[in-house]
Amino acid sequence: MRSREMTSSDTFVDLTKRLPAGGSCRNGRFARPRRALRPWAATLCLVILMAAAPARGAERGADGAESIGHPDVYFADKDSVSVLQSGGPVSTMRTCGGCHDTEYIAEHSYHASAGLDEWAEPGSTPGGRPWDSSPGLFGRWSPLSYRHLSTNADDRLDLGTTDWIRLIGPRHTGGGPAVSSRTGIPLDRLNGGLPGGAVSTEWAPDTHVLDEETGAPVEWDWGRSGTAELNCFICHISSPANEARNRALKEGRFEWAATAALESTGLVKRDGEGWKWISGAFETGGHVTADRLSIVPPASEQCGACHGIVHKSNDPVIPSFGDLSQYATETKGRIYSAQRLFGSGMNLTGKEGLSRPWDIHAERLMECSDCHFALNDPAYAADADISRPIHLAFDARRLDVGEFLLQPNHNFAKGHSTQGTVADELDGTMRRCENCHDPGSAHNWLPYKKRHMDRLLCESCHIPTVRAPARRATDWTVLTKSGGPRVEYRGVLGSPHDPAALVSGYGPLLLPRMVEGESEAKLSPNNVIASWFWTYGDPPRPVRHYDLERAFFREGRYHPDIVLSLDSDGDGDIGPSELILDTPEKTSAVRQRLEALGLTSVRISGEIEPYGLHHGVATGPWATRRCTDCHSHASRISASFTLASSVPGGVVPVPMGSANVLMSGELSLEGGSLVYRPATMADGFYILGRDRRRGIDLAGMVIVAGVLCGVIAHAGLRLYLSRTRRIR
Amino acid sequence: MTTVRVYMYTRYERIWHWLQAVLILALIVTGIEIHAPGALRLLGFETAVELHRLLGFVLIANAFLGFFYNLTTGEIKQYFSSSPDYVSMAARQAAYYLRGMFRGEPHPFEKGRDKKLNPLQKTTYVIILNVLLPLQVITGLLLWGTQNWPRFVGDLGGLAPLAAVHTIGSWLFPAFVIMHVYLTTTGPSPAAHIRAMVTGWEELEAGHTTGAPARPEGTHRPRGRRNATGRRRRSRPKERSGTREKGTQ
Chain A
1 MRSREMTSSD
11 TFVDLTKRLP
21 AGGSCRNGRF
31 ARPRRALRPW
41 AATLCLVILM
51 AAAPARGAER
61 GADGAESIGH
71 PDVYFADKDS
81 VSVLQSGGPV
91 STMRTCGGCH
101 DTEYIAEHSY
111 HASAGLDEWA
121 EPGSTPGGRP
131 WDSSPGLFGR
141 WSPLSYRHLS
151 TNADDRLDLG
161 TTDWIRLIGP
171 RHTGGGPAVS
181 SRTGIPLDRL
191 NGGLPGGAVS
201 TEWAPDTHVL
211 DEETGAPVEW
221 DWGRSGTAEL
231 NCFICHISSP
241 ANEARNRALK
251 EGRFEWAATA
261 ALESTGLVKR
271 DGEGWKWISG
281 AFETGGHVTA
291 DRLSIVPPAS
301 EQCGACHGIV
311 HKSNDPVIPS
321 FGDLSQYATE
331 TKGRIYSAQR
341 LFGSGMNLTG
351 KEGLSRPWDI
361 HAERLMECSD
371 CHFALNDPAY
381 AADADISRPI
391 HLAFDARRLD
401 VGEFLLQPNH
411 NFAKGHSTQG
421 TVADELDGTM
431 RRCENCHDPG
441 SAHNWLPYKK
451 RHMDRLLCES
461 CHIPTVRAPA
471 RRATDWTVLT
481 KSGGPRVEYR
491 GVLGSPHDPA
501 ALVSGYGPLL
511 LPRMVEGESE
521 AKLSPNNVIA
531 SWFWTYGDPP
541 RPVRHYDLER
551 AFFREGRYHP
561 DIVLSLDSDG
571 DGDIGPSELI
581 LDTPEKTSAV
591 RQRLEALGLT
601 SVRISGEIEP
611 YGLHHGVATG
621 PWATRRCTDC
631 HSHASRISAS
641 FTLASSVPGG
651 VVPVPMGSAN
661 VLMSGELSLE
671 GGSLVYRPAT
681 MADGFYILGR
691 DRRRGIDLAG
701 MVIVAGVLCG
711 VIAHAGLRLY
721 LSRTRRIR
Chain B
1 MTTVRVYMYT
11 RYERIWHWLQ
21 AVLILALIVT
31 GIEIHAPGAL
41 RLLGFETAVE
51 LHRLLGFVLI
61 ANAFLGFFYN
71 LTTGEIKQYF
81 SSSPDYVSMA
91 ARQAAYYLRG
101 MFRGEPHPFE
111 KGRDKKLNPL
121 QKTTYVIILN
131 VLLPLQVITG
141 LLLWGTQNWP
151 RFVGDLGGLA
161 PLAAVHTIGS
171 WLFPAFVIMH
181 VYLTTTGPSP
191 AAHIRAMVTG
201 WEELEAGHTT
211 GAPARPEGTH
221 RPRGRRNATG
231 RRRRSRPKER
241 SGTREKGTQ
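Order-wise, the sequence lines are chains A and B.
The numbering used here applies: residue 1 is where the first sequence begins, and numbers increase by one.
The numbering used here applies: residue 1 is where the second sequence begins, and numbers increase by one.
For reference, chain A alone in the conformation it holds in the complex:
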């Protein structure tokens, strides 16, 4: 009966409940073993286990990780020839494609397409910027990585597809825009393998790269670089050589990227400018054993390679910042680890008392794929609305394992991301807290339980504090000496790069989040990052990093005009505290430098982007529990949230339209800092103990005071007259 009350997305098959303990299943019927056979059966099992022990040990891969019994793999190049024979790079589409439908996998993976399948004219993506061409990594500009993926609508080439792979490729699985042009033509057929290096006056974003020295578009030789196929190895072998892969991508040797990822397996080694297969590591016929490859189900570490720190070792957690390859750690302070906070290598405030893990789900050995599973994985059996006939409350049909392994859907279940906009049609397919937990039974202590559940995401209370620093502001209106932006972090006193810096963490900003299908918004925890940058032209485009460098630097040093305007203390250098456009004169000086490069309508733009927090979950004792944490004048819901220590150019940033949270609060300057003060009342929230209408209270006080004064005057007059009469 209970399942009838659940929504379709809630219906998961719990196989563990099917078999009572101590029994076995035969011919679909449960049968208990005979009592008399138990001693014999136990002895037999012991013997089998002992005999099997060495065999299990043999199933471990080269790095000791447990293998999954995968058959040997024939390593083929793009022509299906053994790599031992051709010496060429391995083709995952051919190698893995020998058994799996890799075409299907590549087509059903938003990690691969990265928005290419949602490509649109610049400015036409919902809630996007005027220069955004897709909602994904390929086409949606980020103020963190800054470089703009150029389109045919741009007059200056910034980031062509080649440079996108070199810059963003380390956070991309390969496939999608790394093998196919925006018009669907394979990239390696775009120029027919023309020799690279020829300077062209005409350019196209798929075929040209920006020469960092001259700023001229240079045609790229796709025939030489090859393309970066969907790299199965980075997720499906236990320890891929990710750094080697990233190096190959940065060098523009895209075709070798998948091969480079195998350096850790001993199958291949770097040989000068290329890679050389080690024939001794292969079986006969060019096959490789699964143990050698150490093929494993994708673990959280693989996700963490791009999404943020996943820490499973006993070493203290020490995150590095300023590194966008740890994206969620940088933007949210997310650390997925079972390690107790007091074991961290960071100098956390009150560290000795922080006995909770970084994330309770990590402590309970949950992997990312437990919630973000393949949508057609029969083990998880998500009964999505899109596949379930409307007349069925539960669709019992499932793919069998063979079918799934042939065509595993690599569109992973996802939630309603605040900052992520790719594959929105899959929003809400993942498991939410309430799909596994029964909040009703665990929150009987909570007054107005249903109301709290209706208006709060579980994370709002169960992520009371993020204990790691996170980015607060990115200021591209100036360049540091290293050519990067001025960056601010929250949750740390001093620089997050300093191991001695005191890390206080931060309390998330609770913002109302609108979720499709729900009638009311729910408060959700967020970090918010403010960004400022120069734009030019109409329609606007972000000023290229190349142009910014030309404006700010000359011969490796700050340009004299920049020094003249920004060097406040007159020491001939621009220190960190001087590197900010806090006066109209400084802003004007930089603008003039940019206009001198031929840019028109140069202005500073600013935006605010919320980043939803869903990890770093704490258990009940660490969660927000006291009523007055929210229901008081000092409510955390209304607590002001500092966005930046300054406002470059005096430009007040605007919230991104693509975020699914409401930001109806007020932005104000407090002591020079830009502060956001939530106004949840305007968004339909009324927090008892915090929200009140001052006019009503004022009128009420006047009425009560008036009555009191009237009574006192009346009583006083009565007393006075009474005494007067008595005297008379």
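Keep in mind that the hints were calculated from the coordinates and are not lab data.
There could be a bad hint or two in this list.
As the list claims (entries may be wrong) - Pairs of lysine to aspartate or glutamate, EDC-like flavour, derived with a Cα cap of 20 angstroms: (1) A:K450 / B:D155; (2) A:K450 / B:E46; (3) A:K450 / B:E50; (4) B:K77 / B:E13; (5) A:K481 / A:D582; (6) B:K115 / B:E50; (7) A:K449 / A:E518; (8) A:K449 / B:E50; (9) A:K312 / A:E301; (10) A:K351 / A:D315; (11) A:K276 / A:E263; (12) A:K351 / A:D498; (13) A:K269 / A:E251; (14) A:K449 / B:E46; (15) B:K122 / B:E50.
Guided by the hints, dock chain B onto chain A, whose structure is given.
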């Protein structure tokens, strides 16, 4: 001056009144702690919320019982007047409070068992019991019930307008209580009215009472007084309405 003792308030009326008084005061206190937890820290927010909710339901029950009592005993008629001069009567009463009282003028209206309330009291109580109390009850119920009827509450504009109305009512109640308590001191003695609401018996000036007893009766002693033999009565007499001449002054 001759005074008569009139059995003005029945036991139920007195219990109802004092229960209502306690409830309203407790609701005001807990309400302040909920509305502005920083201004009053007596019970703690959570306890205040729970108690406020509990007291609210007791208040509702008491209000309904009072309404039922007034309806079935006919006491409800005390709250209404069919006199065409009602407005001028209310004006006379107001003039008495503002001027006549200071000049030692007699009360403009006779009080009695069947005429407990002067015109201003009638107006005030009708507003309190038929407008303010229901408004508080309804808005309070909706504030409590929003978790069960979120759509309905949403259609009404959400919690904010409901809470605003509830807050307005919450301010009017203390204003009423202050006025109400003060006016109890305007009897023959400052404590006469309060004593009457405790004992049920009220001393009124002879010739300034009106209305026949609900049930004709002879003299009888108020509860707890000594009897002719000087002993305390062990069992409480059945309360009855009536008047008793006390003596002359």
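Of the hints stated earlier, which fail here?
Violated hints (numbers, rising): 6 and 15; every other hint is consistent with the structure.
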